[in-house]
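Undergrad: One-letter residues, chain by chain:
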Amino acid sequence: MNWYVKRTGQALFTLWAVASLAFFLTRQMPGDQVATYVDQVIQNNPEQDPEIVRSNIVEQLMIDPNAPFHEAYIAYFGELLSGNLGWSIEAQKNLNTLMAETVPWTLFVMALATFGLFGISLALGAIMAYKEGSLFDLSNTLLGMVTTSIPYYVAGILLIIYIGYPEGVFTQYFPVRYKLPDGVDPGFTLAFISGAIRHATLPALSYVITAYGLLALSMRGNSIQVLGEDYVRVAQLRGLPDRRIALRYVGRNAVLPLYTSLLLSIGFMLGASVILEQIFVYQGVGYWMDRAVQYTDIPLMMAIFLMITVSVVIATYIADLTYGYLDPRIKSGDEGEAY
Amino acid sequence: MKVKPTEEDTADDVRTDGGQMFDDAESTDVGAVQEYKEVLYEGLVAPAKIAWSDWRTKTGIIILGAFVLIAILSDLHQNGYTILNDFLGIVGSPWELTKPSSAFGCDANGNNCVAGYERSRQPFENWQTPLGTDPEGRDIFAGIVWATPRMLRMVLAGGVFSIAVATIVGTVAGYKGGVVNTVLMTLTDVAMSIPGLPLVIVIVAILDPTNPYLIGVVVTINVWAGLARTIQAQVLSLREQSYVEASRTMGIGTPSIIQKDILPNLMPYIMVNFVYSARRVIYDTVGLYFLGFLSYSTIANWGVMMNWAYANQGALAPSGPRYLIIVPMAPIVLLSFGLILLSQGTDRLFNPRVRTRHEGDTVEDHEMDDDDSVQPAMA
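Those protein sequence lines, which keep their order, are chains Z and U. Following the numbering used here, the residues of the first sequence are numbered contiguously, the last one being 425. Following the numbering used here, the residues of the second sequence are numbered contiguously, the last one being 499.
No wet-lab data here; the hints were simulated from the structure. No residue lacks a Cβ here, since even glycine has one placed at the ideal position from N, Cα and C. Where hints are given, some of them may not hold.
[Unchecked claim] Examples of chain U residues lying across from chain Z (beta carbon under 7 Å, computed): (1) Leu-276; (2) Val-280; (3) Val-310; (4) Ile-314; (5) Pro-315; (6) Gln-433; (7) Leu-436; (8) Arg-442; (9) Val-453; (10) Phe-457.
[Said to hold, decoys possible] Mimicking SDA-like on lysine to any residue, the simulated pairs with C-alpha atoms at most 25 Å apart in a straight line are: (11) Z:Lys-92 with U:Gly-298; (12) Z:Lys-92 with U:Ser-357; (13) U:Lys-169 with Z:Met-231; (14) U:Lys-296 with Z:Gly-95; (15) Z:Lys-92 with U:Asn-432; (16) U:Lys-178 with Z:Val-232; (17) U:Lys-178 with Z:Asn-226; (18) U:Lys-169 with Z:Leu-228; (19) U:Lys-178 with Z:Glu-218; (20) U:Lys-169 with Z:Thr-227; (21) Z:Lys-92 with U:Leu-304; (22) U:Lys-380 with U:Glu-155.
Extracted from the complex, chain Z is given alone in its bound form:
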């Protein structure tokens, strides 16, 4: 079977499986937000019929907590396929709008963090491998191990306390709250772009600082391993330029095993946004996930689950495609051992 067809089918299956699992789980959650909300509405307008209010809300939500599982499942997934995520009581908003407002921000922080993370760790790891045993190598190994021991939210808290608040050079450049400066509207303006980047810097930095160490150390280990391979030696004997050996021979082969780390880190970062966006009051999906769970807002939770899963699946898909480009063997055999 064509590798691309297989891979696409797998992505779609994953999406469906995760969505179904999430749907099943969120229905088990204690607390009935709809009932609470209906009570609220009735209290404010005592003349209304509770049943009519309820059915109106349920229709808008697309999820009836009292309906049997299969009915609710068919209704919800039918609406999903037509591109409707429903409505959130907690946010008092259509979920399509809310997701369009929040998802890009979370992905922006994540992309910033991922590129920063891989840029720094791959370069650092390679240099450490080349200078193996030097003071640079040793000090960076130690530093990497110390920073790796810090949870990302601890780093976030430390950044807020020591970089964000004290009066100084950093404070005005890297704010610790919200995703945009006051009075800046989204648009293709310098104020917007620089504001967005500055506000995303500290959250992204919290990931990068705490994750680069382990990745740099594995890059270092891989590079050392590749440096000892016969083909590198042959390349040297052939008199190939050092630059070519470093990039095409060593770099490429040392990076390949790190692809799993890349895939795992994407999912990890998106999950971790729940904690980090809370600390930084950064209103992305993680921020809303927290509120959704606290107030049992099932449609909101489902929408966030779906958005995060879609992001992970797409990121994995892209990573797999580029992996095939880096390592042509993957598409030839049916084992398809990408990682």
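Starting from the known structure of chain Z, arrange chain U on it as the hints suggest.
TA: Frame of chain Z, contents of chain U only:
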């Protein structure tokens, strides 16, 4: 100048990889007890000896050992055996472990409290409470010690659970191949794509767990997937090794081959990954307590103290009481640092290619790569 030869030599004997293979072959004739002794030796005693010779693993073991000791003493105290306080009394320490409870019955200045201590005491101010007290008069150091046993239980449960599932799924899928492989790896891919923390939060909201073992398992509910993937890849290369093929040709069943030929080679790898999932358990449980998703009745976790500092005392506000949130973060970082040290040291010692190069690097430069010829099968 003479370097201690005896220690080094025994350590070298232990880690020659060629020896292991033949020992295994011999032990199959010897019987179960002998065989388990061998497995125990190769899986635990030998690595432990090697680990002790490396400063990183040594420091890591010391840090973790200290945590385990504190956890045991604290657990005994909580169950009514006040060994720790008896000892501290003999030594004459001003601090002793008491259940961290808030102050009540204090006078107007917050002194002479019936329970608890003076409110909002800074760290290193009074040795009765070395790390200070919170605004309710709870001893922060006692709180940290009080929460340690539960934390280690969660770490143990989460680590064992994720490693067990990952190893079973990874080895079976990798060794059997075919349909089994496809099904298991599809499952693994799905698990890998589930956003971990949000899923855990939802499950926690449903189950509302308070048992530390259960929390540990819930937190690692999809952590195993990444490990299973990598173990499967390892097994795929292992099963093509000639000694595995030999076992297959001899008609030995799959369970025995996995148990005798495959698993011993994965042991070091599994141990290293145990450490990583343990670290993940620490991060996630503390994070969940910190955000208030896990319910608690007393100081059940370091994250609870962070939650109080963050939500009730405004420790993140510009002029908030910062020590309240920074002090409970210290044991988190220290514990995971111990784990990372352990994993880095063992990783390097178990990875034969890195190991041989490091043994060589005091003697020869990069160019002399005679270690290429002695590459064992494991990697």
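Undergrad: Taking the hints in turn, state whether each one holds.
TA: Against the structure, the hints:
A hinted interface residue such as Leu-276 (chain U) counts as satisfied when its beta carbon comes closer than 7 Å to some beta carbon of chain Z; here the least separation is about 19 Å, so the hint is violated. For Val-280 (chain U), the interface hint is violated, since its Cβ never comes within 7 Å of a Cβ in chain Z; the closest pair sits about 20 Å apart. At its closest, the beta carbon of Val-310 (chain U) sits 5 Å from a beta carbon of chain Z; the interface hint therefore holds under the 7 Å criterion. A least Cβ separation of about 5 Å between Ile-314 (chain U) and chain Z falls short of the 7 Å threshold, and the interface hint therefore holds.
Checking Pro-315 (chain U) against chain Z by beta carbon gives a least distance of about 4 Å; that is within 7 Å, so the hint holds. Given hint, Gln-433 (chain U) at the interface with chain Z, is violated; its Cβ is 13 Å from that chain's nearest Cβ, farther than 7 Å. Interface hint status for Leu-436 (chain U): upheld, as the beta-carbon distance to the closest one in chain Z is roughly 6 Å, under 7 Å. Look at Arg-442 (chain U): its Cβ gets to within about 6 Å of chain Z, closer than 7 Å, so that hint holds up.
Hint status for Val-453 (chain U) relative to chain Z: holds, with the closest Cβ pair at about 5 Å, below 7 Å. Interface restraint check for Phe-457 (chain U): the shortest CB-CB distance to chain Z comes to about 4 Å, inside 7 Å, so the restraint holds. For the given pair, Lys-92 (chain Z) sits about 15 Å from Gly-298 (chain U) by alpha-carbon distance, which is consistent with the 25 Å threshold. Proposed proximity of Lys-92 (chain Z) and Ser-357 (chain U) is supported: the alpha carbons are some 23 Å apart, at most 25 Å.
In summary, the hint linking Lys-169 (chain U) to Met-231 (chain Z) is supported, as the alpha carbons are separated by about 22 Å, within the 25 Å threshold. The suggested pairing of Lys-296 (chain U) with Gly-95 (chain Z) holds, with an alpha-carbon distance near 23 Å, which does not exceed 25 Å. Note on Lys-92 (chain Z) and Asn-432 (chain U): the hinted pairing is violated, with a Cα-Cα distance of about 52 Å set against a maximum of 25 Å. About 16 Å separates the Cα atoms of Lys-178 (chain U) and Val-232 (chain Z), which keeps this hinted pair within 25 Å; it holds.
The hinted pair formed by Lys-178 (chain U) and Asn-226 (chain Z) meets the criterion: a straight-line CA distance of about 20 Å does not exceed 25 Å. About 23 Å separates the Cα atoms of Lys-169 (chain U) and Leu-228 (chain Z), which keeps this hinted pair within 25 Å; it holds. With a CA separation close to 22 Å, the supplied pair Lys-178 (chain U) and Glu-218 (chain Z) stays within the 25 Å bound. With a C-alpha separation of about 23 Å, the suggested pair Lys-169 (chain U) and Thr-227 (chain Z) falls inside the 25 Å cut-off, and the hint holds.
Straight-line distance between C-alpha atoms of Lys-92 (chain Z) and Leu-304 (chain U) comes to about 16 Å, which keeps the hinted pair within the 25 Å bound. Only pairs whose Cα atoms come within 25 Å are accepted, and Lys-380 (chain U) paired with Glu-155 (chain U) is accepted, the gap being roughly 10 Å.
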